[in-house]
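So you can see what is in the structure, the chains are spelled out below.
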Amino acid sequence: MAAHEILAATQAVVTLDVAIPGTVWPWLVTVNMWAKSIGTGVIFMLFLLLRKYPEQAGSLRFPTVVVSIIFIHIFLLFTLADLHQPFRMWHIFFHPHWSSAITVGAWMATVFVGLLFLLAFLSFIKKDNAAFDKTLTWVTILAIPVTLYTAALMSQCTARELWQMPTESAQMIFAALLAGSATMILLSGSKLGYEAKKTLGVVLGLSAFMSFTLYMAEYIFGPMKAEEVAFTLEYIKGDGPYTVMFWLGQWVAYLLPMLFILLSRASKSESILKLAAILALAGLWLVKHVWLMIPQLLPMS
Amino acid sequence: MQLGFLVDLHLCMGCKGCEIACKVENEVPLSTWRLRVKYVDVGTFPETRRTFTPLRCNHCENAPCERICPVSALHYLDNGIVNIDKERCIGCAGCVMACPYGAIYIDPQTQTADKCTYCAHRVASSMMPACVVACPVQANIFGDLDDPTSNISKYIQTNQGNVQVRKPEKGTNPHHYYVGGGNVTLNPLASQRPDGHSLFNNITTLPVGGHH
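Protein chains in written order, with our numbering: chain A, 1 to 301; chain B, 1001 to 1212.
Here chain A stands alone, though its shape is the one from the complex (with noise of 0.2 Å):
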């Protein structure tokens, strides 16, 4: 039965209840994923390139660590912002609970950014490509948990029917192959040639059509499996709050960087993959963020 179906039945409205409280998880949240997504998808695509392309690469390693820890210190920065008593952030530390995907994905966060700065040390002070390699095989591991934790911590929000744990894990690396082709794309400069460039594009192009597809499924059979979902999606359908944002954001990070790479390879254009890039990255925080707020709108009681 549709949302709208079900109101009509039961002929029932709330007539003196506390107002629902507003967004629990604001922007900062969008840019904790969005940064996040970029912070360990670099460190997934110089892996690759490594492997791929060693003669081209190497120059990139010490400039993608750097990119990296910028970036995952704006993902812990925006995480601490959103925090009410962010003076009390080191109880995390000293009392931590293990059930709860925010400890071990803070815990993970902090070994990862250790990680990073020994990276850099090998590049750049000790210039020892061979360490460096062998280093980035477990940073690279450990990327992966580093990444899906966030949908772990989505998942364990019972009250949000919306993130489901397979989907949002998928989404999130997704997100990370998506962001971390696209920086690498805009990155690397004249230090990868059009072959190694295109290797990203294919990276980039893939996972927007999976992530696209994801989205789409759940957009079209999610309402039929919960009754919660089904009220969720009504946000991003009709005249819903978030239906432009939802769209645009879509067309944004996944459908135009999809037809703008088949485009670059058609001419060989390394200007169109650059937008391609460039859209994907613009796009992929209207897309986490309407994910976010939508689930967010809904009564609880």
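Think of the hints as simulated: they come from the structure by calculation, not from any bench.
Ideal placement from N, C-alpha and C gives every residue a C-beta, glycine not left out.
Hints are not guaranteed to be accurate.
As the list claims (entries may be wrong) - Computed from the model, here is a short list of chain B residues facing chain A with C-beta under 8 Å:
hint, residue
1, T1044
2, P1046
3, V1137
4, V1184
5, P1194
Unchecked claim - The list that follows gives simulated cross-link-like pairs (lysine-lysine, DSS-like), each with its CA atoms no further than 27 Å apart:
hint, chain 1, residue 1, chain 2, residue 2
6, B, K1170, A, K237
7, B, K1154, B, K1167
8, B, K1170, A, K225
9, B, K1167, A, K237
10, A, K225, B, K1167
Dock chain B against the given chain A, drawing on the hints supplied.
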């Protein structure tokens, strides 16, 4: 011992005495509520009726708020109460996002999470929660679910078949029961919420803890 709550919705008349008693007892700041009574009007004129549903923390056996709290600020007491340590809370609002009952809020004064604790401080002194004492029709029944001779256990036995919990599909196993509830009273999605649904003002959403 497993403390639990039961509200007989046949008896509740929506006087909001429990709300006020809770506010006073726990010094709950303006714009926030540990307990409130929701009014829902059902039907079309002239065939209408009004329902009253007191809503508070469900003190779940499998509490999502306890699980998601990164610092164990939300924790179980031996008597089954899900309590909160406001000194430890970091204000991540994970619990607010996790609670399927919308029972947790960010206290605008302390900038930490807060919720109904079944008046744990009163219970520790062998007193009843403030809302139970204030209810003029004894619609709130509080006691030990593990004790078959307690009022709440007897009430559940007497009303077998008509005892409900909110959102059982969430698997939280609430220790807060209703007698005489239904879809309209217990399911927030079964009612329309037109803008300005409060009788006394047009405020439909509140800034969380005055922070954002």
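Interface hint outcome for P1194/B [beta carbon to chain A under 8 Å]: For P1194/B, the interface hint holds, since the closest Cβ of chain A sits about 7 Å away, which is under 8 Å.
Given the hinted pair K1170/B and K225/A, is their Cα-Cα distance within 27 Å? holds, 14 Å
Interface hint status, P1046/B versus chain A (Cβ within 8 Å): At about 13 Å, which exceeds the 8 Å cut-off, the nearest Cβ of chain A leaves the hint on P1046/B violated.
Minimum beta-carbon distance criterion (8 Å), V1184/B to chain A: holds, 4 Å
Evaluation of the interface hint that places T1044/B against chain A, nearest CB under 8 Å: holds, 6 Å
Taking 8 Å as the limit, does the beta-carbon of V1137/B come near enough to a beta-carbon in chain A? Status violated, d = 19 Å.
Verify the proposed pairing of K225/A with K1167/B, using a straight-line Cα cut of 27 Å. Holds. K225/A to K1167/B sits at ~16 Å (cutoff 27 Å).
Given the hint that K1167/B pairs with K237/A, does the C-alpha gap stay at or below 27 Å? Distance of about 25 Å is within 27 Å: holds.
Pair hint outcome, K1154/B versus K1167/B [Cα-Cα no greater than 27 Å]: holds, 23 Å
Are K1170/B and K237/A close enough, with their CA atoms no more than 27 Å apart? With a Cα-Cα distance of about 26 Å, the restraint between K1170/B and K237/A holds, given a limit of 27 Å.
Checked against the numbered hints given earlier, this structure breaks hints 2, 3; the rest are met.
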